[in-house]
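With the sequences and hints as input, model every part of the structure.
Here the protein sequences line up with chains R and H, keeping their order. In terms of this note's numbering, the first sequence opens at residue 1 and continues consecutively. In terms of this note's numbering, the second sequence opens at residue 1 and continues consecutively.
These aren't lab readings, by the way, just hints derived from the structure by calculation. Heads up, the beta-carbon is just placed ideally off N, CA and C, and yes, glycines get one too. Mixed in with the good hints there might be a few duds.
Pairs of lysine to aspartate or glutamate, DMTMM-like flavour, derived with a Cα cap of 25 Å [as the list claims (entries may be wrong)]:
1) H/K12 with R/E122
2) R/K141 with R/E98
3) H/K12 with R/E318
4) H/K143 with R/D399
5) H/K14 with R/E82
6) R/K317 with H/E57
7) H/K14 with R/E55
8) R/K393 with H/D69
9) R/K317 with H/D60
10) H/K14 with R/E122
11) H/K15 with R/D399
12) R/K141 with R/E122
13) R/K59 with R/E122
14) H/K246 with R/E73
15) R/K347 with H/D13
16) R/K393 with H/D13
17) R/K314 with H/E18
18) R/K393 with H/E18
19) R/K314 with H/D136
20) R/K393 with H/D136
21) R/K314 with H/E57
22) H/K137 with R/D20
23) H/K214 with R/D399
24) R/K141 with R/E82
25) H/K143 with R/E215
26) H/K15 with R/E398
27) H/K12 with R/E82
28) H/K76 with R/D399
29) H/K137 with R/E215
30) H/K214 with R/E398
Cβ-Cβ distance ranges computed for the label pairs, FRET-style [as the list claims (entries may be wrong)]:
31) R/R19 with H/L216: 33 to 39 Å
32) H/P247 with R/R22: 41 to 47 Å
33) H/K15 with R/N371: 52 to 58 Å
34) H/L166 with R/V335: 34 to 40 Å
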Amino acid sequence: MALQNIGVVYRKELTEALRDRRTLISTLLVPLLLFPLLSVGFGALAFTLLKEAEEETPKIMLLGGADSPGVLEALRAGKKIEVVPATPDWKDKIINKEIRAAIAIPDGFETSLAQQNPLTVEIYKYKGELKSSISADTVEKNLKDYRDKVVEARLEADHVSSTVLTPFLIKQDNVAPPEKVGGAAFGGIIGYMVILLCLTGGMYPAMDLTAGEKERGTMETILSSPIARFDLVMGKFFLVLTASLVTAALSVLSMGISFWGVQHLKIIDVAKNPDAETMQLQVTLPAVLSVFLMALPLAVLFSAGLITISLFAKSYKEAQSYISPLMILVILPAVAAMLPGVELTAKLALIPILNVSLLCKELVTGTYHWNFIALIFLSTCVYAAAALFLAVKMFQREDVLFRS
Amino acid sequence: MIETRGLTKLFKDKKRGEIRAVDGVSFTCAPGQIYGLLGANGAGKTTTLRMLATILEPSDGTAIVCGHDVVEAPQKVRANVGFLSTATALYPRLTAQEMVEYFGRLNGIGEAELKRRVDEIFSRLDMNSFRDRRCDKLSTGMKQKTSIARTLIHDPQAMIFDEPTLGLDIMTARTILEFIRECRQRGKTVIFSTHVMSEVEKLCDVIGIIQSGKLLAEGSLASLREKYQEQDLEEIFVKVVAPHYKPEEAA
Numbered sequence: 001m002a003l004q005n006i007g008v009v010y011r012k013e014l015t016e017a018l019r020d021r022r023t024l025i026s027t028l029l030v031p032l033l034l035f036p037l038l039s040v041g042f043g044a045l046a047f048t049l050l051k052e053a054e055e056e057t058p059k060i061m062l063l064g065g066a067d068s069p070g071v072l073e074a075l076r077a078g079k080k081i082e083v084v085p086a087t088p089d090w091k092d093k094i095i096n097k098e099i100r101a102a103i104a105i106p107d108g109f110e111t112s113l114a115q116q117n118p119l120t121v122e123i124y125k126y127k128g129e130l131k132s133s134i135s136a137d138t139v140e141k142n143l144k145d146y147r148d149k150v151v152e153a154r155l156e157a158d159h160v161s162s163t164v165l166t167p168f169l170i171k172q173d174n175v176a177p178p179e180k181v182g183g184a185a186f187g188g189i190i191g192y193m194v195i196l197l198c199l200t201g202g203m204y205p206a207m208d209l210t211a212g213e214k215e216r217g218t219m220e221t222i223l224s225s226p227i228a229r230f231d232l233v234m235g236k237f238f239l240v241l242t243a244s245l246v247t248a249a250l251s252v253l254s255m256g257i258s259f260w261g262v263q264h265l266k267i268i269d270v271a272k273n274p275d276a277e278t279m280q281l282q283v284t285l286p287a288v289l290s291v292f293l294m295a296l297p298l299a300v301l302f303s304a305g306l307i308t309i310s311l312f313a314k315s316y317k318e319a320q321s322y323i324s325p326l327m328i329l330v331i332l333p334a335v336a337a338m339l340p341g342v343e344l345t346a347k348l349a350l351i352p353i354l355n356v357s358l359l360c361k362e363l364v365t366g367t368y369h370w371n372f373i374a375l376i377f378l379s380t381c382v383y384a385a386a387a388l389f390l391a392v393k394m395f396q397r398e399d400v401l402f403r404s
Numbered sequence: 001m002i003e004t005r006g007l008t009k010l011f012k013d014k015k016r017g018e019i020r021a022v023d024g025v026s027f028t029c030a031p032g033q034i035y036g037l038l039g040a041n042g043a044g045k046t047t048t049l050r051m052l053a054t055i056l057e058p059s060d061g062t063a064i065v066c067g068h069d070v071v072e073a074p075q076k077v078r079a080n081v082g083f084l085s086t087a088t089a090l091y092p093r094l095t096a097q098e099m100v101e102y103f104g105r106l107n108g109i110g111e112a113e114l115k116r117r118v119d120e121i122f123s124r125l126d127m128n129s130f131r132d133r134r135c136d137k138l139s140t141g142m143k144q145k146t147s148i149a150r151t152l153i154h155d156p157q158a159m160i161f162d163e164p165t166l167g168l169d170i171m172t173a174r175t176i177l178e179f180i181r182e183c184r185q186r187g188k189t190v191i192f193s194t195h196v197m198s199e200v201e202k203l204c205d206v207i208g209i210i211q212s213g214k215l216l217a218e219g220s221l222a223s224l225r226e227k228y229q230e231q232d233l234e235e236i237f238v239k240v241v242a243p244h245y246k247p248e249e250a251a
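Structure, rendered in structure tokens:
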């Protein structure tokens, strides 16, 4: 091994990579744009849409209730709704989103009410359709308010206090600090993103430096130079690793900036949306650094793996078809880590990708289980070393280098 | 000096089983001499030359190139050899100068000496007008000159050319043939493979005819003419090769 030769190969590959548009896009542009778009853009969009749905005056069709004007008045008293006259095709209208919901008031409703004979008011909605569900909830709330008033009036008539219905109060309170609240909600996604970008960042350079070199006919040229094949593969490997790490670093950086932006630029107004508190993620510097540190051996594993696989391909296209399934192989464990209830155990700590993903979930909430961190770091290092060994071996196989 | 001793290469093929691409080839080429390896497609020329350039490892036998064994000291062999073929392309995103410098550095040439050599070669080959142009923007002729400069940067004692004129137009091919002649004049050991008879007639001091991985005939053009009682090299070639020719090997 000659460090100088590895350096010569690395410098040349870096020069070429910086002149390759595809590599620049996947390594620099994607991580820089993805997080701001995802957090600020997508977050803001989701809130705007939700707000729009909530602020809409829904069209509600009234079925029956001609003899119960009091209910009608109560319906209109609460949150604003637009009552439309009944038509026979009301079901189709709900499905076609022409009206949001329908409410069926049985005949003689108010008479039964007066006789204390309970009847059922039915609300019809389009299940799963956001605006229809919100409208049905609005109607139900208005009706409940009306029912409470009726109860209150009856109790008053019997000289009973209304507190008889609420002998005690119940309240839920959060004790976790904001970074843990946000971390629990978003920790999984962050680990997943870093892992995915570690892979995509190294993907194009890996293909370009191996299958691309075969396709362009420069493989034979470089093999005729005195450089040892080990030095050659190491030079290439370090370039792919650089791309992978730069992508990961940029993604962590842009992630930090994005969440800072969400918090400080008041894109989501917490005062008006108390639920939005969980949407906030206070990423601390140690958390960012530890996520990055854990991504390091994973980046080595990915870089070596990508080189090994794409070296086997004869062309760029063939390499792509080998690497696409690999994406799924990487995404699956990363997604599994995001499932609720999946927590780190000693066994899971040995499963590559899944372990780092689960750990990232913990790290962003500020939880440091040092025994797991050590186990995961070491096991990933072992996998990475094995992948690198395989990449070097592949580069020494004539049938792989000159596959035809 | 290049000397091959029973050079053999076996390939494994799923359909055809074990293939003897090169089968016990032995020949010698002295400094200041051009050895022409003449053969049909699939005869074993490229495999032989790749073994001499240590891109492939022999399955059996060996070769001594400039005093170094291709099996025992492949890196030393490569440091003494310039290898050029139509398959040795240039890095598209490097400039002509960067390309040549890269190979200079891989050969361990110091920066000051590298600059001197690059300047000298670029002037000699009249390449200064495009030295900062990217290789993917060069014409075929410019590319060939850059490839030549790449093989010359470490001033190798031996030159190996594998069908260097394949697919080139006449003018570019002539530049290459001119360069091969110049290598001989400078006392280099030159091995050259082709299936173009006229190139062999013009250039080669010794001709080796190869078919099915075996060296079937060897000698100067004059001695081959005398031995096979034919004036035309093509006729000699056919006489030598025909009894051994298997069309499926050419595929």
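Are the Cα atoms of R/K347 and H/D13 separated by 25 Å or less? 43 Å, violated
Pair hint outcome, R/K314 versus H/D136 [Cα-Cα no greater than 25 Å]: 20 Å, holds
Restraint status (C-alpha distance of R/K314 to H/E18 at most 25 Å): 22 Å, holds
Please test the hint of 52 to 58 Å on the beta carbon pair from H/K15 and R/N371. Since the Cβ atoms of H/K15 and R/N371 sit about 54 Å apart, the hinted range of 52 to 58 Å holds.
Given the hint that H/K76 pairs with R/D399, test it: the Cα-Cα distance must not exceed 25 Å. 23 Å, holds
For H/K137 and R/E215, compute the direct alpha-carbon distance and say whether it is at most 25 Å. 18 Å, holds
Quick one, are H/K12 and R/E122 close enough, alpha carbons at most 25 Å? Violated: H/K12 and R/E122 sit about 77 Å apart, past 25 Å.
Restraint check for R/K317 with H/E57, where alpha carbons must lie at most 25 Å apart: 29 Å, violated
Take the C-alpha atoms of H/K12 and R/E318, compute the straight-line distance between them, and say whether it is at most 25 Å. 22 Å, holds
Could you tell me whether the CB distance from R/R19 to H/L216 stays inside 33 to 39 Å? 48 Å, violated
Assess, step by step, whether the Cα of R/K141 is no farther than 25 Å from the Cα of R/E82, and give holds or violated. 15 Å, holds
Just to be careful, I want the Cα atoms of H/K214 and R/E398 compared with a cutoff of 25 Å; is the pair within it? 22 Å, holds
Hints 1, 4, 5, 6, 7, 9, 10, 14, 15, 20, 27, 31 and 34, counting from the list given before, are not met by this structure.
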